[in-house]
Amino acid sequence: MRGWKLSFTAQARLLEVDEATFPNNHHGRVFSRCDPSECEAMDSDADKIIDLYERHAHDYVADRRSVGWNETAWLDRFSALLSQGASILDIGCGSGEPIARYLIDQGFAVDGVDTSPTLIGICRGRFPQRSWHVADMRAIALEDTFDGLLAWDSFFHLADDDQRRMFPIFKRHASPGAALMFTSGVSHGEAIGSYRGEPLYHASLAPEEYRALLKSTGFRVVANIVEDPNLRRAHYLARPSGALGASEAVVDDRRHRVDSGSTVATGDSRFTHVLR
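Numbering (our numbering), first residue to last: 1007 to 1282.
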């Protein structure tokens, strides 16, 4: 159940949300505003995500193959916090392309969970040496813990309360010192995109709430950008509070400020400091 830039950079549609929540994309997807009377419909759209991905699994694989991607900078930040060969749980792994493959090719032991049996079957065919689980991320209870947890363009398909309930699940599956990275919208609200002519639901909490939820479950933000000009969404990279070393810089959201007080050039999503 992994998205990509083609479909998942939608425009905000709730009254209290500004238009930058999920910026409009330029790939022909259609987005429109709603009023409060449409909120119930948005909730029902959230419930349709699992079925949508399963029915369109092969379409998704074909469409994903035709779209370029530029997520490597963030994946490299994430993997820089891990030791060689570390275990990673890819939450909402989709077909394993390109994210899981990129990390596997870097020598990491990647396992994945996704709600789509078809997409998990594709993962098993592509990477038979790894473990792939058909599971709803909201209910995963694996016996293992992992050095890295990644919810890249998947977590933001959950409704607000389901997102809030994910943070204890992240904690339960995190090894000591684990890295956690996820993507979201840029402010609180919901958005409806379109995939293959069907509604495609997204939601986001406010940046302040994500930080509070991370803190309440023992994580501290290592790097965060709320308005990535290249990927057009927000990114959060965190570790357990006690795992942060003196050499790690903390990046503040829109200001791109590091703790030392120096400033990274606004608009440069690559950042100029080293996390580790």
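Hints were generated in silico from the structure; no laboratory data involved.
It is possible that some hints are incorrect.
Derived CB-CB ranges, DEER-like [unchecked claim]:
| hint | residue 1 | residue 2 | range |
| --- | --- | --- | --- |
| 1 | Ser1050 | Ser1181 | 11 to 21 Å |
| 2 | Gly1074 | Asp1167 | 29 to 39 Å |
| 3 | Pro1123 | Ser1050 | 16 to 26 Å |
| 4 | Ile1056 | Arg1170 | 17 to 27 Å |
On a predicted model such as this, the values are computed, not experimentally measured, just so you know.
Think of the CB as a built atom: it goes at the ideal place given N, C-alpha and C, for glycine as much as any other residue.
Cross-check of the supplied hints:
1. Ser1050 to Ser1181: 11 to 21 Å: Since the Cβ atoms of Ser1050 and Ser1181 sit about 37 Å apart, the hinted range of 11 to 21 Å is violated.
2. Gly1074 to Asp1167: 29 to 39 Å: holds, 34 Å
3. Pro1123 to Ser1050: 16 to 26 Å: holds, 23 Å
4. Ile1056 to Arg1170: 17 to 27 Å: 19 Å Cβ-Cβ, so the 17 to 27 Å window holds.
Hint compliance for this structure: hint 1 is the single one not met.
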